[in-house]
Amino acid sequence: MAEIDTSGGGKKKGPGVKKGKKLSTRIDLTPMVDLGFLLITFFIFTTTMSKPKTMEINMPVDIKDTTTKAKDYCTMTILLSQQHRVYYYVGLADDPMHPPKVEVTYFQNRNGIRDAIIQHKKNVDEEKMNGMPGHIPTDKPVILIKPDINSQYEDMVNILDEMKINDMPIYAMIDITPVDQGYIKATEEANAGGPK
Amino acid sequence: MTAMCDVAFLLLTFFMLATKFKPDEPVVVKTPSSISDIVIPDNSILLTVDPSGKVFFDYDNKKAKAILIEKVNTEKQLNLTEAEKESFKRGASFGLPFNQMKAYLSIDPINQKSYPFTGIPIDTTYTPALNELAYWVQSARIAGQETGHPPRICIKCDAGTAYPKVKDVIKTLTKNDILRFNLVTTLEAIPDGTAAAVEHAEKEKAASQNKPATH
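In order, the protein sequences belong to chains A and U. So in the numbering used here, spot 115 of the first sequence is number 116, and the numbers just go up one at a time. So in the numbering used here, spot 71 of the second sequence is number 734, and the numbers just go up one at a time.
Each hint should be verified, as a subset may be incorrect.
[Stated by the list, open to error] Residues from chain A shown here face chain U by an in silico Cβ test under 10 Å; the list is partial: (1) Thr47; (2) Tyr74; (3) Glu155; (4) Met169; (5) Ile171.
Just so you know, the hints here were simulated from the structure itself, not pulled from any lab data. Glycine residues also receive a C-beta, built at the ideal position from the N, C-alpha and C atoms.
Sequences are here, hints too, so could you generate the full structure?
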């Protein structure tokens, strides 16, 4: 490839004519290959072949009136707190006389928040058919996510991811209320005093 | 040797054409993982939030950036020179209040990376007049609209960032009627036996069934 035919084309020279020394036109390609691979290495290291992945999120519009209130038995509230703790309860918790049963768990694959969500989904599916007043078959489970001020961004992404993993149709991320913060505190106190 | 040389340069050409250089980032951010596999959209506004809550702004559209800096220069009276505007256009992510923009853009691009960034200030009124982040985002969206590529907004936040800091950024967007945006995450595997895993398997099955039909 990188050489030129220098055979002289068959023309014979006479007897007294001195033949010039044939110089090789083959080029040593080793340095060129070295350079080529060096550049390849450079480009491999600087390249971002795969673009980063993202998750899409739709935030609820700030509406003041709550006429489109979710039904009590469909609603599950998830509170995100410190050290990746997750508190959850079923119901709207709008009756101060009957505070909801708040449970605490973590983001784990077994017996974590995922199982709680799946269980809630199952419960709603069963209860919507039982014919109690207000229960209609088109009811869907609703999840309200309320991250507390001492939670981390990772928790927020994890819980949004759980929504996707468990195929939850309706969920919303809203601000935490002092009432919910009170539930967290009460649960923490109960847990601290309980097992001892 | 000739063949090896050929291969080397073929690969070299491929990598040169396929390369998009890693963008310069002023902070290292470790994003959390999710199962979502949506690729980051082109021409997007990237808001990077570091673990301490400093916000950085970047816009992946040079044409729109040129319009954006013109607008910012006149509206915020930054008195930038042409060279400084050019520096903004080519520059990477930055996180500074308006009053430091000129000082930042006037220095050499190599030294810009080590500038002591303080983050773009976020005011809790969330109006573009007072909240500088809201102003940047709104102006960049207008500039993007002019180039014909309305941008999507991506938030790239460190996994360990405290939630209130993230909330401020999200509130800045939602209060300005940006209700749909993307969160940059790293991909993780879908857990077995979940609704998403079933859905994914069905999709795969449908795709493999459709393949022979297209032949």
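Hint by hint, which ones does the structure fall short of? 2 and 5
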